[in-house]
Amino acid sequence: MIKLIKCEYLKTRRRYILPVTLGITAMYLALLFYGEYSDDALRQGWWALLYQLPLLNTMFMPILCIVVASRLCGLEHKGATFKQLFTLTSKGSLFTAKLIYGLGIITVPILIQFAAIYIAGCYLGFGGVYPLNLYLIYLLSTLLTTYAIYVFQHCMSMLFKNQAVSFFVGIGGEFTGLFSMFLPQIPCLRKILIWGYYGDMQFVGNNWDRETRINDFYLMDINYAAFFIITTVAVLMYLIGKKLFTDKEV
Amino acid sequence: MKEVIHTYKLTKQYKKKTVVNELDMIVREESIYGFLGPNGAGKSTTLKILLGLVKPTSGEADILGKKLNSQNRLSILKNIGSLIESPSYYGHLTARENLQIIQTILDLPKKNIDAVLKTVRLDKQEGKKVSEYSLGMKQRLGLASALINMPKLLILDEPTNGLDPSGIQEIRELIRSLPKEYGMTVIVSSHLLSEIDQMVDDVGIIANGRMMYQGRLNKLHMLDEGKSLEEIFLDLTGKEASL
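These protein sequence lines map, in sequence, to chains C and P.
Start counting the first sequence at 1; every next residue gets the next number (my numbering).
Start counting the second sequence at 1; every next residue gets the next number (my numbering).
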């Protein structure tokens with residue numbers, strides 16, 4: 001498996017996958033921190049971010065997954081390399097090695113984002129104590145949901161030669177997930193789609209006073225069941241995708 | 001002589017269409033076996049079955065003394081090199097970088113890369129991206145990929161595709177030298193009957209998935225001494241079949 005993961009690195013030389021990923025992360029962070037901060041905003045900075053991040057993740061992370069999966073898998077379809085690779089190693093190992101490599105790349109921007117939030121929060125002078133426990137729960141929810149979306153994109157990109165299929169299905173999922181965040185009256189929408197889980201696992205709510213125009217953030221119940229569900233869904237998608245890929249004839 | 005490949009009633013059906021029909025194929029060790037047939041006759045499917053890329057609907061194949069199945073497929077394939085239909089490559093990488101991927105998977109020494117690049121005469125082009133290669137150069141890279149592990153059995157599907165006359169001659173000489181120099185057995189499929197005529201020891205002619213003739217090439221010529229290989233081929237496969 002280590003050899004195959006090394007090969008994934010060798011294959012992606014000059015494909016600029018990591019720089020593209022970092023570019024998308026830079027846009028994400030610029031959008032997150034852009035703006036003027038009032039004293040009230042700075043006072044509640046740590047909580048405000050925990051409230052805003054799931055929405056931004058729903059917008060950016062699926063795109064990141066589409067780009068990385070498509071660039072990693074597209075090169076195999078383009079060069080008709082599966083028929084050669086299948087004579088050198090098992091289809092299942094190839095599927096898993098490429099998935100692990102992709103998940104590794106996807107983890108980098110999430111960790112950068114996590115670190116950047118702390119550094120920027122300290123630099124901007126966010127009030128109160130940095131709620132490390134809550135941010136760790138947020139990190140876990142982001143990783144799990146992004147991994148699940150990545151597994152889905154990986155399966156699509158490995159199974160379909162035309163990468164436009166995985167792109168449009170992924171974008172469709174992302175928009176539906178985004179849509180579900182503005183429809184709290186239909187909570188099932190968030191639960192049935194993997195793209196809705198950033199919102200489903202959100203644990204900071206917001207009260208906005210129309211007259212004083214002041215936001216107040218509060219801690220909601222943490223939906224631990226969602227953590228379990230999204231992990232199970234990711235594992236199931238991996239097993240189904242691997243089975244379909246293994247049964248594929250070239 | 002020892003048999004490297006022996007298939008027993010190998011059959012492959014896609015839905016209701018039988019592509020390979022009860023094929024019995026015998027390839028002798030250290031021989032060059034020419035696999036001939038019109039378009040859609042089942043040549044590539046047969047070769048893919050031998051490589052475990054396609055599962056047969058029925059029948060069995062003994063390869064290098066072992067019955068091919070999903071458990072031992074990879075251990076058998078360690079001794080087989082292949083080039084099926086068109087060469088596989090990563091266009092954004094150089095020839096050396098492409099071969100490095102196979103070398104890493106198969107745990108081969110790095111010197112094998114230099115050796116095969118020299119063998120297929122790509123050693124002076126190794127710094128160039130493969131996307132900038134001509135079709136013939138890509139075909140040579142495909143051959144280098146097949147040869148990198150110095151296999152006991154080499155399966156080549158249309159290896160001279162896209163090559164110019166001197167390239168064809170060069171590849172022919174290379175293929176001819178492999179049994180003598182490295183003790184390899186080579187199966188080569190081609191539409192170019194004159195090429196097969198100059199290259200192979202044994203020949204198998206397939207049409208509509210069935211083996212129409214199998215045996216020594218010189219015996220095939222003796223079937224009808226007044227006819228060329230092309231005429232004999234057309235007689236065997238039916239004149240309606242295209243080349």
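Note that these hints are calculated values from the structure, not bench results.
Keep in mind that the hints are not guaranteed to be accurate.
Listed next, with one range per pair, are the computed distances between beta-carbon atoms [as the list claims (entries may be wrong)]: (1) C:165 to P:164: 48 to 56 Å; (2) C:240 to P:194: 44 to 52 Å; (3) P:129 to C:218: 37 to 45 Å; (4) C:243 to P:129: 54 to 62 Å; (5) C:224 to P:107: 16 to 24 Å; (6) P:191 to C:13: 45 to 53 Å; (7) P:191 to C:249: 19 to 27 Å; (8) P:111 to C:2: 47 to 55 Å; (9) P:111 to C:165: 13 to 21 Å; (10) P:123 to C:2: 28 to 36 Å.
Predicted model only: the values in this text are computed from it and were never measured.
For every residue, glycine included, the Cβ atom is placed at its ideal position computed from N, Cα and C.
Each hint tested on the structure:
1. C:165 to P:164: 48 to 56 Å: At 38 Å between Cβs, range violated.
2. C:240 to P:194: 44 to 52 Å: holds, 50 Å
3. P:129 to C:218: 37 to 45 Å: Cβ of residue 129 of chain P to Cβ of residue 218 of chain C: about 57 Å, so the range 37 to 45 Å is violated.
4. C:243 to P:129: 54 to 62 Å: The hint (54 to 62 Å, Cβ to Cβ) is violated, given that residue 243 of chain C and residue 129 of chain P are roughly 36 Å apart.
5. C:224 to P:107: 16 to 24 Å: violated, 45 Å
6. P:191 to C:13: 45 to 53 Å: With a Cβ separation near 36 Å, residue 191 of chain P and residue 13 of chain C fall outside 45 to 53 Å, so the hint is violated.
7. P:191 to C:249: 19 to 27 Å: holds, 23 Å
8. P:111 to C:2: 47 to 55 Å: violated, 22 Å
9. P:111 to C:165: 13 to 21 Å: violated, 42 Å
10. P:123 to C:2: 28 to 36 Å: Check passed, 30 Å falls within 28 to 36 Å.
When held up to the earlier numbered hints, the structure conflicts with 1, 3, 4, 5, 6, 8, 9 and fits the remainder.
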